Amino acid sequence: MSNSINLVSTNVVGLEKELKRLKIFRIAAVICLIFVSLLSLLAFILNITLPIESVKKEQQGFITQISGFDKKLTQYTLLSDRVKNISSVISKRKDYGPQVSVLFGITPTDVSIDTLNIEAGKLVLDVSSSSLLSVNKFIDDIVALGTKSKVVKNIIIEGLTLNVASGKFALSLQADVP
Amino acid sequence: MQGNEKINLEFSNLLILYKHYKDYLLPLGIISACVLAVFIVVIPQFQQYLSLQDELRTENAKLQLLKDNYNFLVNLSDEKSSSDFSALSLALPSGKDFAGIMNAISYVSAKTGVSVGDFNFSLGDLSNKTSEGASAYPSVKIDVSLVGNSQAIMKFIDELYKTAPIAEATDIKTSGDSGTISVLFYYKPFPPQTIDVMAPIVSLSSQDLSLVKDVSAWNNIVGQSLTPVIPSAFSDSSPATSSASGSNPNPF
Numbered sequence: 061m062s063n064s065i066n067l068v069s070t071n072v073v074g075l076e077k078e079l080k081r082l083k084i085f086r087i088a089a090v091i092c093l094i095f096v097s098l099l100s101l102l103a104f105i106l107n108i109t110l111p112i113e114s115v116k117k118e119q120q121g122f123i124t125q126i127s128g129f130d131k132k133l134t135q136y137t138l139l140s141d142r143v144k145n146i147s148s149v150i151s152k153r154k155d156y157g158p159q160v161s162v163l164f165g166i167t168p169t170d171v172s173i174d175t176l177n178i179e180a181g182k183l184v185l186d187v188s189s190s191s192l193l194s195v196n197k198f199i200d201d202i203v204a205l206g207t208k209s210k211v212v213k214n215i216i217i218e219g220l221t222l223n224v225a226s227g228k229f230a231l232s233l234q235a236d237v238p
Numbered sequence: 003m004q005g006n007e008k009i010n011l012e013f014s015n016l017l018i019l020y021k022h023y024k025d026y027l028l029p030l031g032i033i034s035a036c037v038l039a040v041f042i043v044v045i046p047q048f049q050q051y052l053s054l055q056d057e058l059r060t061e062n063a064k065l066q067l068l069k070d071n072y073n074f075l076v077n078l079s080d081e082k083s084s085s086d087f088s089a090l091s092l093a094l095p096s097g098k099d100f101a102g103i104m105n106a107i108s109y110v111s112a113k114t115g116v117s118v119g120d121f122n123f124s125l126g127d128l129s130n131k132t133s134e135g136a137s138a139y140p141s142v143k144i145d146v147s148l149v150g151n152s153q154a155i156m157k158f159i160d161e162l163y164k165t166a167p168i169a170e171a172t173d174i175k176t177s178g179d180s181g182t183i184s185v186l187f188y189y190k191p192f193p194p195q196t197i198d199v200m201a202p203i204v205s206l207s208s209q210d211l212s213l214v215k216d217v218s219a220w221n222n223i224v225g226q227s228l229t230p231v232i233p234s235a236f237s238d239s240s241p242a243t244s245s246a247s248g249s250n251p252n253p254f
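Residue numbers (my numbering), protein chains in the order written: chain B, 61 to 238; chain D, 3 to 254.
Hints may be right or wrong, so weigh each one.
Said to hold, decoys possible - Here chain B is said to cover these stretches of chain D; the calculated rule only asks that three of the stretch's residues, wherever they fall, bring their Cβ under 8 angstroms from a Cβ of chain B: (1) 51-63; (2) 103-114; (3) 157-165; (4) 173-180.
To be verified - Okay, derived cross-link-like pairs now, BS3-like style, lysine-lysine, Cα gap no bigger than 25 angstroms in a straight line: (5) B:LYS154 with D:LYS21; (6) D:LYS69 with B:LYS117; (7) D:LYS21 with B:LYS80; (8) D:LYS215 with B:LYS132; (9) D:LYS82 with D:LYS157; (10) D:LYS64 with B:LYS131; (11) B:LYS144 with D:LYS164; (12) D:LYS157 with B:LYS210; (13) D:LYS113 with B:LYS154; (14) B:LYS83 with D:LYS24; (15) D:LYS113 with B:LYS144; (16) B:LYS152 with D:LYS143; (17) B:LYS117 with D:LYS64; (18) B:LYS182 with D:LYS175; (19) D:LYS143 with B:LYS154; (20) D:LYS143 with B:LYS182; (21) B:LYS210 with D:LYS175; (22) D:LYS164 with B:LYS116; (23) D:LYS64 with B:LYS116; (24) D:LYS113 with B:LYS132; (25) D:LYS69 with B:LYS131; (26) D:LYS143 with B:LYS144; (27) B:LYS131 with D:LYS215; (28) D:LYS175 with B:LYS213; (29) D:LYS175 with B:LYS152; (30) B:LYS77 with D:LYS21; (31) B:LYS83 with D:LYS21; (32) B:LYS210 with B:LYS154; (33) B:LYS154 with D:LYS215; (34) D:LYS82 with B:LYS132; (35) B:LYS77 with D:LYS24.
Said to hold, decoys possible - Estimated spans, in silico, between C-beta atoms of each pair: (36) B:LEU110 with D:LYS69: 16 to 22 angstroms; (37) D:ASP198 with B:LEU101: 40 to 46 angstroms; (38) D:ASP120 with B:SER172: 23 to 29 angstroms.
Source of the hints: derived by calculation from the structure; they are not laboratory data. Note that the structure is a prediction, hence the values are computed from the model and not measured. From the three backbone atoms N, C-alpha and C, an ideal C-beta is built for every residue, glycine too.
The whole structure should be built from the sequences, with the hints applied where relevant.
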C-alpha cells in the first residue's frame, strides 16, 4: 500500500501545458495570417498606386507637343552643330597675325622687310637697312623675343651681308613660329 | 505475417500521434502557408514594387527631360535661331561655297586695298564624299597672288579671318610688294538628321553665344539676307549642291 497519495494528477498538469502551447500556436498562426495578409495587401496597394501609366501618358502628351516644334528643333540641332564645328575650327586654325604683328612692331623704321615667308610653322625673314645699328637692334630684339619663345623660337641667323652697290645690309634669318 | 503486424503497429503509432497532435495541425499549416506566402507572394511583390519605383524614377526623369525640352523650344526665338543659323551657315557652309569664297576674297581685297592677282583653286573631289579623308573638316584650298607689302598682306589675312566662310592661311610668302598666300576655306556637311525627342536639348553656353555674336559680326555676313527658307530645301542639302548655288545656306 502506498504511504503517500499524489492528489494532483500529472496528467492534468500536462494537459494544461499542452492546451497553453496549443493556444500559443493558434495565436501565432492567426498573427501570422493577419501579418502576411496585411503585407500582401500593402504590397498590392503600393504596386497599383505607382503612377507609371499616368507618367507615360503625360510623356506621350509632351512628345506630341514637341513634334509640333519639329522644324525649330531641327534648326536648333543644326545650329548647335555649326557652333561646335566653328568653335573647333577656330581653335585649331593657325593664326600667324599676332606673331607677325609683333615682328612688325619691333622692326625699326629704317629696316624694311623684303621677304616674309611662313610655311608649316617655319618663318623665313629677309630684312634690309642702310643702318647696321638698326639691323643690330632688330637682331637684339628678335633674339629677345626668341628667348621668351612666345612669338618665335629656334632663331637661326642665316646671313648678314652688305650689298655694296645699294649700300644696304641684308639680314636673313629663320625661326619657328609656335 | 510479421511484416503486416509491423506496418499495422506503425500505422497505429501514427494514428496515436495524429490524434495526439491533430489540434496543432491547423495552426502549423497556417504558419507554414504564411511562410510560403511570404516567399511566393509578399517578397516578389515588394521586389516588383522596388523595380516599379525604379521604373517610375526613370519615367519621371524622361518626363522632366521632355518638359525641359518643350519649355526650351517654346521659349526659343524662331527668328533669332534662324538668323544665327544663317550666319553660322555662311561662316561654315555645308559644302564647297565657291561663291562665298570669291565674295570673301573680293570683299577683303576691297577693304584692305590689297589687289588680288591670279588665284588657283584646289577643288578636291567634287562628289559628295569629302576627299580629305581623315580630316574632320574638309576644305577648299586656294592660292592667291596679292599685290602689297608684308604689312598689307598680313592685314589682308587678318581681315580674311574675320570674313565668312571660315578660312585659314597655311602658307604666307611675301617678297617686296607682292606675295602669295595659301588659304583653306573650310566647310562641313550637315550631320544626318535623326531628331530624338528624348535627347536633352543643351542650350548654348555663354562661350557659344559669344562665338555666335562674333561670327554674326563677321564680314560677308552683316547685311546678308537672313530670311529662313522652306524646310524642304534641307532634304536636298548635299554638300556640293546646297552651297555651290550661293543661295541662302539655311536648309529650312
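Hint by hint, here is what the structure shows:
1. 51-63: holds (count 7)
2. 103-114: violated (count 0)
3. 157-165: holds (count 3)
4. 173-180: holds (count 6)
5. B:LYS154 with D:LYS21: violated (101 angstroms)
6. D:LYS69 with B:LYS117: Between LYS69 of chain D and LYS117 of chain B the Cα gap is close to 13 angstroms, so the pair holds against 25 angstroms.
7. D:LYS21 with B:LYS80: holds (18 angstroms)
8. D:LYS215 with B:LYS132: holds (20 angstroms)
9. D:LYS82 with D:LYS157: Judged against 25 angstroms, a Cα distance of about 32 angstroms means the pair is violated.
10. D:LYS64 with B:LYS131: holds (22 angstroms)
11. B:LYS144 with D:LYS164: Roughly 18 angstroms separates the two Cα atoms, so the pair holds.
12. D:LYS157 with B:LYS210: Holds: LYS157 of chain D and LYS210 of chain B sit about 21 angstroms apart, inside 25 angstroms.
13. D:LYS113 with B:LYS154: holds (22 angstroms)
14. B:LYS83 with D:LYS24: With a Cα-Cα distance of about 13 angstroms, the restraint between LYS83 of chain B and LYS24 of chain D holds, given a limit of 25 angstroms.
15. D:LYS113 with B:LYS144: violated (29 angstroms)
16. B:LYS152 with D:LYS143: Holds - the C-alpha atoms of LYS143 of chain D and LYS152 of chain B are around 17 angstroms apart, at most 25 angstroms.
17. B:LYS117 with D:LYS64: holds (12 angstroms)
18. B:LYS182 with D:LYS175: holds (11 angstroms)
19. D:LYS143 with B:LYS154: Distance of about 15 angstroms is within 25 angstroms: holds.
20. D:LYS143 with B:LYS182: Distance ~20 angstroms between LYS143 of chain D and LYS182 of chain B Cα, so the pair holds.
21. B:LYS210 with D:LYS175: Roughly 22 angstroms separates the two Cα atoms, so the pair holds.
22. D:LYS164 with B:LYS116: violated (49 angstroms)
23. D:LYS64 with B:LYS116: holds (9 angstroms)
24. D:LYS113 with B:LYS132: Measuring from Cα to Cα gives roughly 36 angstroms; hence the hint is violated.
25. D:LYS69 with B:LYS131: At roughly 18 angstroms apart (the allowed maximum being 25 angstroms), LYS131 of chain B and LYS69 of chain D satisfy the hint.
26. D:LYS143 with B:LYS144: holds (22 angstroms)
27. B:LYS131 with D:LYS215: Within the cut-off at roughly 23 angstroms; holds.
28. D:LYS175 with B:LYS213: holds (19 angstroms)
29. D:LYS175 with B:LYS152: Given pair LYS175 of chain D, LYS152 of chain B holds - Cα atoms ~21 angstroms apart, limit 25 angstroms.
30. B:LYS77 with D:LYS21: holds (17 angstroms)
31. B:LYS83 with D:LYS21: holds (17 angstroms)
32. B:LYS210 with B:LYS154: holds (14 angstroms)
33. B:LYS154 with D:LYS215: holds (21 angstroms)
34. D:LYS82 with B:LYS132: holds (11 angstroms)
35. B:LYS77 with D:LYS24: Status holds; Cα separation ~16 angstroms.
36. B:LEU110 with D:LYS69: 16 to 22 angstroms: Roughly 20 angstroms apart at Cβ, these two residues keep to the hinted range, so it holds.
37. D:ASP198 with B:LEU101: 40 to 46 angstroms: Taking Cβ atoms as reference, ASP198 of chain D and LEU101 of chain B lie about 42 angstroms apart, which means the hint holds.
38. D:ASP120 with B:SER172: 23 to 29 angstroms: Holds - the Cβ-Cβ distance for ASP120 of chain D and SER172 of chain B, about 25 angstroms, lies within 23 to 29 angstroms.
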